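2 protein chains.
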Amino acid sequence: MQDDIARLDADDPLAPFRDRFDTPDGLIYLDGNSLGCLPKATKARMADVVEREWGQDLIRSWNKNDWIGAPRRIGAKIASLIGANGDEVIVGDTTSVNVFKCLSASLQLNSERHTLLSETGNFPTDAYMMEGLAAIAPDRIKARLVDTADIVNSLDASVAVLLLTHTNYRTGRLHDMPGITAAAHARGIPVIWDLSHSCGAMPVDLNACQADFAIGCGYKYLNGGPGAPAFTFVARRHQEKVFPALSGWLGHKAPFAFTDDYEPAPGIDRFQCGTPGILGCAALEVGVDLICEADMADIRRKSSALGDLFIRLVGDKCAGRDIRPACPTDATERGSQVSFHHTEGHAVMQALIARNVIGDFRAPDILRFGFAPLYNSYADVAKAVEILTDILATESWNQDRFRQRAAVT
Amino acid sequence: MQDDIARLDADDPLAPFRDRFDTPDGLIYLDGNSLGCLPKATKARMADVVEREWGQDLIRSWNKNDWIGAPRRIGAKIASLIGANGDEVIVGDTTSVNVFKCLSASLQLNSERHTLLSETGNFPTDAYMMEGLAAIAPDRIKARLVDTADIVNSLDASVAVLLLTHTNYRTGRLHDMPGITAAAHARGIPVIWDLSHSCGAMPVDLNACQADFAIGCGYKYLNGGPGAPAFTFVARRHQEKVFPALSGWLGHKAPFAFTDDYEPAPGIDRFQCGTPGILGCAALEVGVDLICEADMADIRRKSSALGDLFIRLVGDKCAGRDIRPACPTDATERGSQVSFHHTEGHAVMQALIARNVIGDFRAPDILRFGFAPLYNSYADVAKAVEILTDILATESWNQDRFRQRAAVT
Chain A
0 MQDDIARLDA
10 DDPLAPFRDR
20 FDTPDGLIYL
30 DGNSLGCLPK
40 ATKARMADVV
50 EREWGQDLIR
60 SWNKNDWIGA
70 PRRIGAKIAS
80 LIGANGDEVI
90 VGDTTSVNVF
100 KCLSASLQLN
110 SERHTLLSET
120 GNFPTDAYMM
130 EGLAAIAPDR
140 IKARLVDTAD
150 IVNSLDASVA
160 VLLLTHTNYR
170 TGRLHDMPGI
180 TAAAHARGIP
190 VIWDLSHSCG
200 AMPVDLNACQ
210 ADFAIGCGYK
220 YLNGGPGAPA
230 FTFVARRHQE
240 KVFPALSGWL
250 GHKAPFAFTD
260 DYEPAPGIDR
270 FQCGTPGILG
280 CAALEVGVDL
290 ICEADMADIR
300 RKSSALGDLF
310 IRLVGDKCAG
320 RDIRPACPTD
330 ATERGSQVSF
340 HHTEGHAVMQ
350 ALIARNVIGD
360 FRAPDILRFG
370 FAPLYNSYAD
380 VAKAVEILTD
390 ILATESWNQD
400 RFRQRAAVT
Chain B
0 MQDDIARLDA
10 DDPLAPFRDR
20 FDTPDGLIYL
30 DGNSLGCLPK
40 ATKARMADVV
50 EREWGQDLIR
60 SWNKNDWIGA
70 PRRIGAKIAS
80 LIGANGDEVI
90 VGDTTSVNVF
100 KCLSASLQLN
110 SERHTLLSET
120 GNFPTDAYMM
130 EGLAAIAPDR
140 IKARLVDTAD
150 IVNSLDASVA
160 VLLLTHTNYR
170 TGRLHDMPGI
180 TAAAHARGIP
190 VIWDLSHSCG
200 AMPVDLNACQ
210 ADFAIGCGYK
220 YLNGGPGAPA
230 FTFVARRHQE
240 KVFPALSGWL
250 GHKAPFAFTD
260 DYEPAPGIDR
270 FQCGTPGILG
280 CAALEVGVDL
290 ICEADMADIR
300 RKSSALGDLF
310 IRLVGDKCAG
320 RDIRPACPTD
330 ATERGSQVSF
340 HHTEGHAVMQ
350 ALIARNVIGD
360 FRAPDILRFG
370 FAPLYNSYAD
380 VAKAVEILTD
390 ILATESWNQD
400 RFRQRAAVT
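Going line by line, the protein sequences match chains A and B. Each residue of the first sequence is one higher than the last, beginning at 0 in numbering that gives the first Met the number 0. Each residue of the second sequence is one higher than the last, beginning at 0 in numbering that gives the first Met the number 0.
Treat the hints as calculated values from the structure; they're not laboratory data. Hints may contain errors.
[To be verified] Under the rule of at most 16 angstroms between Cα atoms (straight-line distance), these lysine to aspartate or glutamate pairs were calculated in the EDC-like manner: (1) B:39 x A:56; (2) A:39 x A:18; (3) A:252 x A:268; (4) B:252 x B:268; (5) B:42 x A:50; (6) A:141 x B:260; (7) A:39 x B:50; (8) B:382 x B:2; (9) B:316 x B:389; (10) B:141 x A:260; (11) A:39 x B:47; (12) B:39 x A:50; (13) B:39 x A:47; (14) A:252 x B:130; (15) A:42 x B:50; (16) B:42 x A:47; (17) B:252 x A:130; (18) A:42 x B:47; (19) B:39 x B:288; (20) A:39 x B:56.
[Stated by the list, open to error] Here are a few chain A residues that sit away from chain B, every Cβ distance over 12 angstroms (derived from the structure): (21) 6; (22) 82; (23) 152; (24) 208; (25) 297; (26) 342; (27) 393.
The model shown is predicted, which means the values in this text are computed figures rather than measured ones. Quick reminder that beta carbons are idealized off the backbone N, C-alpha and C, glycines included.
Work the whole structure out from these sequences, hints included.
Written out as structure tokens, the structure is:
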């Protein structure tokens with residue numbers, strides 16, 4: 000078994016990427032879907048953007064060092080990861096704010112309809128942002144969540160837009176992006192795909208399924224750093240039809256004319272709003288450049304294999320230990336993570352973290368382990384399951400003890 | 000004269016702060032109101048947040064290094080600069096996005112009224128954000144700009160909120176914050192003060208005039224770096240009455256409960272939206288800490304003196320050169336900048352920049368020079384006017400020549 004694992008790592012075409020990241024000694028980090036690791040190249044890049052571009056070149060950097068072009072330039076690189084054209088993606092703001100941009104844009108495309116539809120159990124910020132938009136015009140805009148099984152049946156003539164996350168953050172289950180998009184289009188409904196848990200972890204082909212809008216996160220699989228700028232995809236055919244709700248000056252067609260009236264910029268630029276966070280953009284670009292070097296098919300193949308291995312080892316070693324998959328066991332139905340139910344999930348995750356295996360707990364009872372194929376190894380998975388097995392075998396998971404543990408860790 | 004300037008710098012109580020910043024050799028930087036200089040301490044802080052907090056501590060930093068507390072912690076520091084309580088200011092998003100938060104909040108406080116009022120010539124993003132919000136419910140919400148002289152007369156029963164920038168970005172003219180706020184309140188209208196060109200440059204006392212909302216910029220006088228996170232002030236008495244329009248997960252009362260329904264956090268926290276940009280916050284905090292060390296009365300006194308000196312020297316040396324103040328000559332009516340009309344303003348600014356004097360051109364004909372009293376000296380002002388005098392005296396400002404210059408610089 001040990002040999003098998005070693006051979007998997009030896010044969011891994013992505014193995015050389017691991018050395019491009021800082022990976023803390025002794026830490027098994029299976030949480031790249033919460034915060035990706037630090038690319039080594041980011042350190043020098045951050046020093047350069049701070050000391051030379053800001054410190055020495057100062058305001059001149061907007062042109063000299065193309066700060067003004069960063070949202071488009073990095074957006075075009077991300078576009079190459081998600082099946083979009085370079086002029087369909089812009090970087091900036093947070094995933095939440097970008098959800099708002101796309102929701103309000105969809106209402107303009109579909110001005111006779113008023114329901115914003117999503118599913119229960121979606122990542123909360125998506126549903127929350129629908130509520131806030133609805134509260135601006137509560138007589139007209141409605142936010143509605145339905146169970147996953149009812150999504151397609153709920154695509155009726157009241158629905159202005161459907162908002163779904165491609166990879167579910169708890170279960171890792173993938174939605175059928177082409178199938179659902181086609182079903183929505185057949186009923187005149189654009190779809191917003193939240194790619195936060197997909198982009199950088201698997202092939203995504205937005206234009207192949209004629210996607211309308213997408214948003215996603217820079218700090219997970221793109222390794223852009225904590226709270227990195229997010230991105231927004233708007234299909235070319237929609238861009239010019241939208242008067243942005245978040246109509247900030249950098250989305251103006253001539254921001255430096257300083258006119259009183261807003262005139263949206265052509266194309267994707269109108270989905271910019273305020274001044275972009277250049278330090279965040281600089282770190283994000285290093286992460287994106289790094290993932291653009293890898294073959295996305297290799298990433299997906301390894302991601303699936305890491306997940307399959309994790310599930311198989313847990314099945315072999317933890318039988319009878321009150322742990323069962325919360326994710327699909329078929330890798331084709333799953334994003335780059337596995338998750339498991341355990342009645343004392345929170346305490347188990349605390350015990351894992353205390354032993355340097357980092358995953359996430361997600362309420363009510365889910366242990367979640369993410370795989371970033373550029374820096375996670377098969378040995379990471381084997382070691383993580385070994386420690387998990389050990390914890391589940393030796394700890395007595397009664398209510399009192401886990402409460403004590405949770406309080407001290 | 001030379002001696003007078005040297006004595007002013009020698010007697011300046013803020014002079015020791017200059018050494019706390021990187022100030023490029025030979026550069027006279029009068030553009031801290033576009034992008035503040037780099038505090039030297041920022042370099043080590045950025046290396047630490049990148050290499051240790053992100054690289055080594057990874058996801059654990061949200062608690063271990065209090066990333067989760069950054070928006071409140073830095074907000075409380077900024078509060079001390081603007082006459083607010085520590086629980087009334089939160090850091091995050093851009094100035095533009097924060098304008099949207101305050102406008103939509105005001106509509107909730109004043110739900111029977113529907114006009115968003117501002118003035119012509121305000122910084123464009125403020126007016127633009129009003130247009131975007133109005134476009135969400137065009138039958139109900141109206142955006143309206145009036146001339147400065149008509150603001151108070153326009154405060155009628157249709158007005159839901161008044162949005163003004165305290166220091167005008169072109170002319171530097173200050174609005175009478177207490178007087179206008181009182182006039183608006185007398186008509187049941189809350190006011191949003193944009194402090195982008197005031198915060199960090201002069202005393203501001205929001206609570207003394209019972210201000211309702213304020214927003215401001217982190218990358219100007221707070222020296223927080225390019226595109227630094229902005230801030231939002233909401234008076235305590237309003238906070239709990241608002242259901243945020245940008246209702247992201249970090250504004251939820253229990254973000255990590257991951258419930259489907261949005262319940263706003265108590266107090267100022269509900270004005271958070273998505274995950275904060277930690278790299279930007281780290282840089283901003285250094286800048287804010289630095290300005291908190293200085294006495295705001297000293298900052299205002301020196302800022303006024305720098306401006307008075309600049310205006311006096313231009314009057315003395317550039318007489319007959321087609322240059323006249325665009326700012327108030329009385330320092331009490333002016334923010335931390337001076338500005339001048341010149342018919343070839345764009346070309347003159349290009350010529351200044353070519354000779355290492357950096358200010359801003361603002362359409363149609365304004366030369367703008369900002370003063371950051373922590374790092375600008377009286378000698379900077381004297382040297383800048385000397386070079387300006389030289390340029391205006393020796394260049395022939397005919398239309399053809401300035402077009403050529405503009406094309407090559």
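So, going through the hints one by one against the coordinates:
Restraint check: the Cα-Cα separation between residue 39 of chain B and residue 56 of chain A comes to about 15 angstroms, which is no more than 16 angstroms; the hinted pair holds. As the CA atoms of residue 39 of chain A and residue 18 of chain A are separated by approximately 8 angstroms, the hinted pair is consistent with the 16 angstroms bound. Under the criterion of a C-alpha separation no larger than 16 angstroms, the hint pairing residue 252 of chain A with residue 268 of chain A is consistent with the structure, at around 8 angstroms. The suggested pairing of residue 252 of chain B with residue 268 of chain B holds, with an alpha-carbon distance near 8 angstroms, which does not exceed 16 angstroms.
Under the criterion of a C-alpha separation no larger than 16 angstroms, the hint pairing residue 42 of chain B with residue 50 of chain A is consistent with the structure, at around 7 angstroms. Proximity of residue 141 of chain A to residue 260 of chain B is assessed by CA-CA distance (about 14 angstroms); at most 16 angstroms being required, the pair is judged to hold. The suggested pairing of residue 39 of chain A with residue 50 of chain B holds, with an alpha-carbon distance near 9 angstroms, which does not exceed 16 angstroms. In summary, the hint linking residue 382 of chain B to residue 2 of chain B is supported, as the alpha carbons are separated by about 13 angstroms, within the 16 angstroms threshold.
For the suggested pair residue 316 of chain B and residue 389 of chain B, the alpha carbons sit about 9 angstroms apart, so the restraint of at most 16 angstroms is met. A C-alpha spacing of about 14 angstroms is found between residue 141 of chain B and residue 260 of chain A, which places the hinted pair at or below 16 angstroms, so the restraint holds. Restraint check for residue 39 of chain A and residue 47 of chain B: the C-alpha separation of about 14 angstroms stays at or below 16 angstroms, so the hint holds. A C-alpha spacing of about 9 angstroms is found between residue 39 of chain B and residue 50 of chain A, which places the hinted pair at or below 16 angstroms, so the restraint holds.
Restraint check for residue 39 of chain B and residue 47 of chain A: the C-alpha separation of about 14 angstroms stays at or below 16 angstroms, so the hint holds. Between the alpha carbons of residue 252 of chain A and residue 130 of chain B the distance comes to roughly 15 angstroms, so the proposed pair stays at or under 16 angstroms and holds. Only pairs whose Cα atoms come within 16 angstroms are accepted, and residue 42 of chain A paired with residue 50 of chain B is accepted, the gap being roughly 7 angstroms. At most 16 angstroms may separate the alpha-carbon atoms for a hinted pair to count; residue 42 of chain B and residue 47 of chain A meet this at roughly 10 angstroms.
A C-alpha spacing of about 15 angstroms is found between residue 252 of chain B and residue 130 of chain A, which places the hinted pair at or below 16 angstroms, so the restraint holds. The hinted pair formed by residue 42 of chain A and residue 47 of chain B meets the criterion: a straight-line CA distance of about 10 angstroms does not exceed 16 angstroms. Of the pairs offered as hints, the one joining residue 39 of chain B and residue 288 of chain B holds, with about 12 angstroms between alpha carbons and a cut-off of 16 angstroms not exceeded. The straight-line distance between the Cα atoms of residue 39 of chain A and residue 56 of chain B is roughly 15 angstroms, inside the 16 angstroms bound, and the hint therefore holds.
Interface exclusion of residue 6 of chain A from chain B stands, the closest Cβ pair being 29 angstroms apart, more than 12 angstroms. Every C-beta of chain B lies more than 12 angstroms from that of residue 82 of chain A, the closest at about 25 angstroms, which supports listing it as non-interface. No beta-carbon of chain B is positioned within 12 angstroms of the beta-carbon of residue 152 of chain A; the least distance is around 19 angstroms. Every C-beta of chain B lies more than 12 angstroms from that of residue 208 of chain A, the closest at about 26 angstroms, which supports listing it as non-interface.
At roughly 24 angstroms, the least C-beta separation between residue 297 of chain A and chain B is larger than 12 angstroms, which holds for a residue marked as non-interface. Consistency note on residue 342 of chain A: stated as away from chain B, and its beta-carbon is indeed over 12 angstroms from all of that chain's, at 18 angstroms minimum. Its beta-carbon lying about 24 angstroms from the closest one in chain B, residue 393 of chain A satisfies the requirement of being farther than 12 angstroms from that chain.
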